[in-house]
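Since chain A is already given, all that's left is putting chain B on it; use the hints.
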Amino acid sequence: MTKVTLTVNGETRTASVPPEMTLLRMLREELNLTGSKLGCDVGDCGACTVLVDGKAVNSCLMLAGQADGRDVLTIEGLATMERLHPIQQAFEEKGSLQCGFCGPGVIMSAKALLDDNPDPTEQEIRDALAGNLCRCTGYSKMIEAIQAVARGESARPARKSA
Amino acid sequence: MDKKAGVIDKEAPVQTVRDTQELLRAPAGAPLVPLPLEVVVPEARQQTPAVRQRATRPDARMHGLGQTKYIDDFYLPGMLYARVKRAGIASARILSIDTKDAEAMPGVVAVLTGRDVPCNSFGPSLKDQPVLASERVFHAGDGVAAVAAVTEQIANEALEKIKVEYEPIRPVLDPLESLHLETPGIHAPNPNIYGHKVIKKGDVEKGFAQSYRIFEASYRTQMVEHVPLEPHSTVATWDANGRVTIYSSLGRITLGRSDIARTLAVPMSRIRIVATVVGGNFGGKNEIRTEPVVALLAKKTGRPVKYTFTRPEEFTSSTTRHPLVMDYKTGVSKEGRILARQIRLVLDGGAYCSWSETTLAKALILSAGPYNIENLAAEAFVVYTNKTMTGAMRGFGAPQVCFAYESQMDDIAKALDIDPLQIRLLNVLREGSLSPTGQTLQSVVVRETLLQAAQRFGWNGAGKGTRA
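Respectively, the protein sequence lines represent chains A and B. Per our numbering, residue 1281 is the first one in the first sequence, and the count goes up by one each step. Per our numbering, residue 1110 is the first one in the second sequence, and the count goes up by one each step.
In isolation and in its complexed conformation, chain B is listed as follows:
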C-alpha cells in the first residue's frame, strides 16, 4: 500500500470483522478474523484557507427580503389547522376522554386520541414517548387529544370542549428523589435510572490520601429551553396511493422517518419528508414531535393539515436542556495541582429519554474538565422525573459540567491563594495528555489559548484569588 500522508499502516489494536460476503457465509461461531485497520492521523495545526475570510450566507438575501418560506408560511388548498390539548397535570392516570362535544362543533373535521394512533410510542433512542397520552400522563406538556378544524380558532375552542378525567398520581420532580431505588418507577416496570456510565482512571483513594487539601461541593444547573424563534411546525398531506408527504421543521429527517413509520405503522417507503428552511434548531428539532399527530389527522380527514406550536407549547412540550446535579470532590497538592477527582452527575431526564444517553456520555467524558488528572472516578446517572423531557441541546451536557468544574477551580484557587489563571495553567491538558477515557490527545492548545485570552483582556493577576 502506498504511504499516504496522514495514514499509518498499523495492525488493528483489537480483532475486527468486516462484513464481507465470505464472513457472512462463515459458520456461526467461526473465529473472528483480524484485519489491518488504517489509523488516520488528523493533520493537526493546519490552517485552512477559510480562516479569517469573510463570507456571506447564500440564503441571507431571501431572509432579508422576507421571502424565505418557513413551514408556517405556506398553505395547501383545503388545509386544516391542528391543535393539541395538553394535560396540564404532571402525573396522572387518564380515566376517560370525552370528545363528543368537540366533534359536534361546526368546523371541527376530526378529533384524535391516543387510541387512534397505530403505534403509540416513539423516541430517538428508547421508545418511551407516547404520540398522545392514552392511559398515563408523564408530564404536564403531554398531549391527550388533537383536533383538526377549518380555522385555528375553532380548533382552540374545540380543545376546551374535550373533557378528560384524571386520577392524579404523586409526581416525582426531584432527580435525587428519582435516584432512590424505593421511589416508584415513573415508567414502571422500568426503573427510573435509565442510563448509567462510569469512568475510572488511576486510584482516587490513593490520590486523596496524598492530597494537601480536599474540596467538596455540589453544583446544580436549571432546565433551559432552546427557544428557536420559529416554533415547531408541520404540514402533512396524503396522496391517493397512500403516501404521505410531511413538510417539517425537523432537523434529522432520516432518523425521523423511521420513527414516523413506526408510529403510523406504514413502511418508510410511503413517507416523504420535506425539510425546509428551519428558523433555529439548537438541538430542539432533532427528533419528531408533532409529525405523527399531523399525519394521522391528515389521514383521518383526507385533507392537508398544519400544526404550529404556540410559544407556550415550545416550552412545555418540546425537549429542553438537562438540569444536572453535580457533586465534585477534588484533592490538590499545596501548589494547586489536582491529584484526584471524584464526580457524581445526576441528569434530570424529564419524562422521556430522548437524547439523554448521548448527553450522559458527553457530560461524563468532559466532567473532569480540560485538566490532567491522574486519579479520576466519575459516574453519571440519568433519571426520569415528571417534568418536561430533556434532550439534545448545544453541547450535550458540556456547558453544565463546565460550570461545575470551573466554579470549583475558582474556589480552590481562592482557598489556596493562587491566581485563578495560574492554577489552570498548572493543570491543563498538554500535547499527548491522556483524556479521562484514555485517548491520547492531539492538537492541544489550552495553555496557549488561556495565555492569549489573558493577554487580550488584560489579565494581570489583579483578580488574584477572586473572580475576575
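Chain A with its partners taken away, still in its complex shape:
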C-alpha cells in the first residue's frame, strides 16, 4: 500500500492505496467523490477529467501516487453552498447536459480552458473539448454555454442551489 496525501478541493486528504490505484479510483472509492466518472478507463472519453495543479488531466490515466503532494480540483469543488460556478450555471441554462454522465468532465475541461484563456475562440473551445466525448447532447450547446461564460453572461449571482 502507498500513502498518498493530496489537496482535493482545498482540503488535505490522505489515503492508503494500492500502488496501481488510479487517481480516479482513489477519488471515487477512497474519498467518495463520485462526480468524476469512469467511462472507458483508457483516457478516451474524458468523463474522468479533473484539474491537477490547474491542468486538465484524465484521472483514469494518472496513478494516485503521481498526484501525491499536488493540488486536485474535482467537479465537487466548483460550487459553493451559495452559488453555482458560472460554467455550471451556463450549462444548466443552455441545456448542455442530457444524461449528464459526460458533464462533470466537460465542465472541468471548460474550467481549465477559461482559467488559462478567458476569451477563447470557438476553435479553441472545440480543441479544449476534444478529449471529452458526449453521446446525447452533442457539443454545440456546450460551446454556446462556454461562450456565454466567456462573455460574462453567466457571472451574475446564481440562484441558491436546490
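It cannot be assumed that every hint is accurate.
Claimed, not checked - Using 35 Å as the maximum straight-line C-alpha spacing, the simulated DSBU-like pairs for lysine-lysine come out as follows:
no.	chain 1	residue 1	chain 2	residue 2
1	B	Lys1272	B	Lys1209
2	B	Lys1409	B	Lys1236
3	B	Lys1309	B	Lys1236
4	B	Lys1471	A	Lys1421
5	A	Lys1283	B	Lys1270
6	B	Lys1236	B	Lys1306
7	B	Lys1523	B	Lys1438
8	B	Lys1272	B	Lys1409
9	A	Lys1283	A	Lys1335
10	B	Lys1471	B	Lys1523
11	B	Lys1523	B	Lys1443
12	B	Lys1236	B	Lys1408
13	B	Lys1178	A	Lys1421
14	B	Lys1178	A	Lys1283
15	B	Lys1178	A	Lys1335
Unchecked claim - Across the chosen pairs, the derived CB separations fall in these ranges:
no.	chain 1	residue 1	chain 2	residue 2	range
16	A	Leu1341	B	Gly1351	39 to 45 Å
17	B	Arg1166	A	Glu1404	24 to 30 Å
18	B	Trp1568	A	Glu1404	28 to 34 Å
19	B	Ser1230	A	Val1322	31 to 37 Å
20	B	Asp1348	A	Asn1289	35 to 41 Å
21	A	Asn1397	B	Gln1548	52 to 58 Å
22	A	Ser1420	B	Ser1367	38 to 44 Å
23	B	Ala1213	A	Leu1341	42 to 48 Å
24	B	Leu1534	A	Ala1410	36 to 42 Å
25	B	Thr1165	A	Asn1289	24 to 30 Å
None of these hints come from the bench; they were simulated from the model. Model, not experiment: these values are computed from the prediction. Idealized CB from N, CA, C, for every residue including glycine.
For chain B alone, coordinates are given in the frame of chain A:
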C-alpha cells in the same frame, strides 16, 4: 354518445371481441360479437404551446454539480465486485470449465457458471440467450463464468485462473451465408432464419414492364454500438425474506423483471428493481444484461454485488445496431416517377434475437421510403450469425433503409439527369397517400419540409445530378 372532437362513431371494420365477463363465460366456439369501435382521428397540424419554447432540464443542476448518482456511484456495506469471463471465441462447444484455482484465491467469494443458473435462457422476445454459456458459445462476447470478489482487481485476476476447454465450431459470420438453408443452424434444431415478413402492394411485374429504366443495386450497413457514456451497471442485494433488490441501468424495468424472474426461478413479487438515472441508453439498455448474474452471485455470497461493464464489454457483450444487406430494384418512368420497387432486406441478427422482430418490421415498413409507390414488393429476413447480438437502437432499422433508398434516389436522378430535389418532390407521399401497409397517411408534409430545407441551405439546383 356525445360527439367529441376528434372522435368519429364508426362500426368496427373487423369483428372485435372485448374481454367482458359475459364473453369469458360464453361457451367455447360461440360466435364473435361485433362491437362498435371508436376511431380516434389525431388532431393534426395543431401547434402545441411547447413548440419554440426554451426549457431547462429539472435534473441538469445535479448533473452539473456531479451529484447525480448513477449505479456505479453508490456502494452498499460489504459489497463485492463481479467480473465475467468472456469466451473470446465466436463459435464453440464448451468441453469443460475448471474454476478450482479461481475459487481458491484469497478474496474470491464465489464463482458462478451456467450450471448454477436456475433457468439459463432469457430474451425480450425469443428466449435464446444464455445467462452464462454452459454448453455452447454463440459469439465471442458470451460469458462463460462469473466471479465475485472483494475487489474488482482480484475478480479480474480470478478470471485468468478459470480454465475453459473449447472445441471450436466453424462460425457463420456472413448473414447471406446464414440465409442459405444448407448452412448448419446456429441454434439447431431451430433454423437460422428466425424472422420473415413480406409487404405487397399492386403488381411489381406490371410496374417493371411499364418502366422506362430499371435500377438495381445492393447496399450494406455495418454494425454500430450505442456507446452510452455510462457502461451497463447493476447492484443486487437480497434480504433475509428471500427478496432481491436490483439497482440497474435497465430502461424497461417491468419487462426486465419478468425475464429476471424467469432466470432466477423466483416469482416476480420477490424482485424489486430500482431504476436510477441512466447515463445514456439509445436502445441498448432495453433488456436485461448482467442482472441475473449479479443477483445469483449476491444470493450465493449473501452479500451485495456490483457489476459494471468495462468499455470493451460494452462493445462485445451488449446489443448493437443490425447490419443490413439491402437489395433494391426500382423501375422509373422517363420523368423519374417510381413505377415499381422490389426490395429484399437481410438483417444480421447476431447470436440472439433480442428486439430483431421489431427492427425487421420497422425496417420493412419504411424500406420504400417516403415515396408514393403503387407497385411494391418488399421482403425481409433476419438471420442468426456468430457475432455480437443486435437489438434495439434508435430508429429500429429506419436509418439503414434510409441509407439505401436515398442512395438509390441519387443514383436514379444522376442517371436520368434530373435534379435530386425534383425527383424527390415528384415521388413524395402526400396528404391521404397510402403507406406500403395500406394506412391512409395524415399530416404529411414531406414536400413542404423538403422545400423549406432546400431554401434554408440555399439549394438552387447547382448540384444537379450530383450529391449536394
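The hints, checked one at a time:
1. B:Lys1272 to B:Lys1209: holds, 9 Å
2. B:Lys1409 to B:Lys1236: OK: lysine 1409 (chain B) and lysine 1236 (chain B) at ~24 Å, within 35 Å.
3. B:Lys1309 to B:Lys1236: holds, 30 Å
4. B:Lys1471 to A:Lys1421: Holds, because 32 Å separates the two Cα atoms, which is no more than 35 Å.
5. A:Lys1283 to B:Lys1270: Between lysine 1283 (chain A) and lysine 1270 (chain B) the Cα gap is close to 30 Å, so the pair holds against 35 Å.
6. B:Lys1236 to B:Lys1306: holds, 20 Å
7. B:Lys1523 to B:Lys1438: holds, 16 Å
8. B:Lys1272 to B:Lys1409: holds, 21 Å
9. A:Lys1283 to A:Lys1335: holds, 23 Å
10. B:Lys1471 to B:Lys1523: Distance of about 29 Å is within 35 Å: holds.
11. B:Lys1523 to B:Lys1443: The given pair, whose Cα atoms are some 13 Å apart, holds under the 35 Å limit.
12. B:Lys1236 to B:Lys1408: Distance of about 23 Å is within 35 Å: holds.
13. B:Lys1178 to A:Lys1421: Since the Cα atoms of lysine 1178 (chain B) and lysine 1421 (chain A) sit roughly 23 Å apart, the hinted pair holds (cutoff 35 Å).
14. B:Lys1178 to A:Lys1283: Cα-Cα ~28 Å, so holds.
15. B:Lys1178 to A:Lys1335: holds, 26 Å
16. A:Leu1341 to B:Gly1351: 39 to 45 Å: holds, 44 Å
17. B:Arg1166 to A:Glu1404: 24 to 30 Å: holds, 27 Å
18. B:Trp1568 to A:Glu1404: 28 to 34 Å: Cβ of tryptophan 1568 (chain B) to Cβ of glutamate 1404 (chain A): about 33 Å, so the range 28 to 34 Å holds.
19. B:Ser1230 to A:Val1322: 31 to 37 Å: Holds: the Cβ-Cβ distance is about 34 Å, inside 31 to 37 Å.
20. B:Asp1348 to A:Asn1289: 35 to 41 Å: holds, 37 Å
21. A:Asn1397 to B:Gln1548: 52 to 58 Å: Holds - the Cβ-Cβ distance for asparagine 1397 (chain A) and glutamine 1548 (chain B), about 56 Å, lies within 52 to 58 Å.
22. A:Ser1420 to B:Ser1367: 38 to 44 Å: holds, 40 Å
23. B:Ala1213 to A:Leu1341: 42 to 48 Å: With Cβ atoms ~33 Å apart, the hint is violated.
24. B:Leu1534 to A:Ala1410: 36 to 42 Å: holds, 40 Å
25. B:Thr1165 to A:Asn1289: 24 to 30 Å: Check passed, 26 Å falls within 24 to 30 Å.
Consistency note: the structure conflicts with earlier hint 23 alone.
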